[in-house]
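Novice: Sequence:
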Amino acid sequence: MNGEIIMALDQLERERGISKDDLVEALEAVLLSAYRKHFGTTENVRIQFDRETGNIKVLSRRQVVLTVKDPRKEISLDEARAKNPKYQVGDVIEEEIPAHGFGRIAAQTAKQVVVQRLRDKERGMIYEEFAEREGDVVTGQIVRVERGIVIMDLGRVEGYILPQEQVRGEKYQERDRMKAYVLEVKRTPKGPQIFLSRTHPGLLKRLFELEVPEIRDGVVEIRAIAREAGSRSKVAVKANLPEVDALGACVGPRGARVQVIVQELRGERIDIIEWDDDPRVFVANALSPARVLRVDVNQEDRVARVIVPENQLSLAIGRDGQNARLAAKLTGWKVDIKSERNA
1 MNGEIIMALD
11 QLERERGISK
21 DDLVEALEAV
31 LLSAYRKHFG
41 TTENVRIQFD
51 RETGNIKVLS
61 RRQVVLTVKD
71 PRKEISLDEA
81 RAKNPKYQVG
91 DVIEEEIPAH
101 GFGRIAAQTA
111 KQVVVQRLRD
121 KERGMIYEEF
131 AEREGDVVTG
141 QIVRVERGIV
151 IMDLGRVEGY
161 ILPQEQVRGE
171 KYQERDRMKA
181 YVLEVKRTPK
191 GPQIFLSRTH
201 PGLLKRLFEL
211 EVPEIRDGVV
221 EIRAIAREAG
231 SRSKVAVKAN
241 LPEVDALGAC
251 VGPRGARVQV
261 IVQELRGERI
271 DIIEWDDDPR
281 VFVANALSPA
291 RVLRVDVNQE
301 DRVARVIVPE
311 NQLSLAIGRD
321 GQNARLAAKL
331 TGWKVDIKSE
341 RNA
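Taking the UniProt record's numbering, the leading residue of the sequence shown gets 1, the next gets one more, and so forth.
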């Protein structure tokens with residue numbers, strides 16, 4: 001059995017990167033606790049695990065003193081020097097003591113330690129993997145919905161989409177595969193907890209980065225996003241090279257690139273807007289698809305007064321004010337829209 005323990009420790013160190021020294025330290029600590037519990041002793045003892053043979057020794061530890069008060073923890077100077085004349089007061093003597101019946105318990109305990117450390121190591125690796133992916137997108141399969149929480153299989157761990165991170169009206173069916181934004185990764189005693197989102201603007205940003213090579217390469221830059229998840233979003237993009245068409249790159253041939261994103265977001269409408277450093281131009285672009293006649297800006301109050309043709313007013317405002325609301329969120333300006341006649 002001792003040989004099997006050594007082989008298991010060597011294998012864990014080689015294949016899983018778990019330090020053999022760390023495993024032995026943990027093993028000795030747990031074996032000590034098991035020994036004290038099994039024999040009901042308060043002796044000052046320690047467990048010595050031989051890293052080469054796997055042999056386990058129980059060693060009593062007694063301090064050399066002039067006057068013995070507790071013989072379980074102390075030994076007189078005279079008695080100590082009878083064993084070795086070199087001992088001095090304050091030295092610690094270790095002697096192996098018999099531990100009949102402890103071998104079976106030690107073997108079981110060693111197995112438990114190895115299994116637990118392996119589990120801890122895997123949990124740690126999963127945590128590190130997903131902690132590095134906070135702010136990224138993962139793909140998973142829905143396994144169940146419990147008390148309004150969508151639980152996704154991400155491979156070696158499950159992810160959770162809480163109700164506030166779910167898109168209103170979006171249906172989550174078992175076995176459906178979908179992408180989600182890694183919102184937060186928490187380390188817990190039971191392993192890492194991965195919290196996901198379907199509503200975060202970062203999901204839309206990462207989907208564009210995945211689908212549009214020009215964005216991944218830095219040729220096109222996403223400058224701002226305004227999103228009402230499940231309904232409509234506006235994305236402001238800018239080309240960093242004059243010869244590149246930022247809008248065309250994001251839309252793709254015959255709209256193929258943006259359609260992949262729309263399908264992933266289950267029909268969410270996406271307006272791709274050209275960024276402009278001039279707030280008047282940017283606000284006008286942000287109100288697309290409405291046609292704008294003029295934009296006057298108040299820099300101090302950050303208010304943009306927008307004039308549109310009479311027949312464009314309802315389009316500029318949008319249903320329930322959504323187009324104007326998203327434009328304001330995208331640009332960071334308060335948008336006041338008036339028709340040409342009212343202006």
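There could be a bad hint or two in this list.
[What the hints assert, rightly or not] Pairs of lysine-lysine residues, derived as DSS-like cross-links and limited to a Cα-Cα distance of at most 30 Å, are as follows:
1) K205 x K111
2) K190 x K238
3) K20 x K171
[Claimed, not checked] For each label pair, taking beta carbons as the anchor points, the in silico distance ranges come out as:
4) E209 x D176: 21 to 29 Å
5) E310 x V219: 34 to 42 Å
6) D153 x R61: 48 to 56 Å
7) R16 x I149: 28 to 36 Å
8) D153 x R187: 33 to 41 Å
9) G321 x T188: 19 to 27 Å
10) Q88 x D120: 27 to 35 Å
11) D277 x E13: 30 to 38 Å
The set of hints was computed from the structure by calculation and includes no laboratory data.
Cβ coordinates follow ideal geometry from the N, Cα and C atoms, glycine included.
Novice: Determine for every hint whether it applies to the structure shown.
Specialist: So, going through the hints one by one against the coordinates:
1. K205 x K111: The given pair, whose Cα atoms are some 47 Å apart, is violated under the 30 Å limit.
2. K190 x K238: violated, 45 Å
3. K20 x K171: Distance of about 48 Å is beyond 30 Å: violated.
4. E209 x D176: 21 to 29 Å: holds, 23 Å
5. E310 x V219: 34 to 42 Å: holds, 40 Å
6. D153 x R61: 48 to 56 Å: Holds, since D153 and R61 (Cβ atoms, about 50 Å apart) stay within the stated range.
7. R16 x I149: 28 to 36 Å: Roughly 31 Å apart at Cβ, these two residues keep to the hinted range, so it holds.
8. D153 x R187: 33 to 41 Å: violated, 20 Å
9. G321 x T188: 19 to 27 Å: Cβ of G321 to Cβ of T188: about 42 Å, so the range 19 to 27 Å is violated.
10. Q88 x D120: 27 to 35 Å: Taking Cβ atoms as reference, Q88 and D120 lie about 42 Å apart, which means the hint is violated.
11. D277 x E13: 30 to 38 Å: violated, 57 Å
Going through the hint list in order, the structure does not satisfy hints 1, 2, 3, 8, 9, 10, 11.
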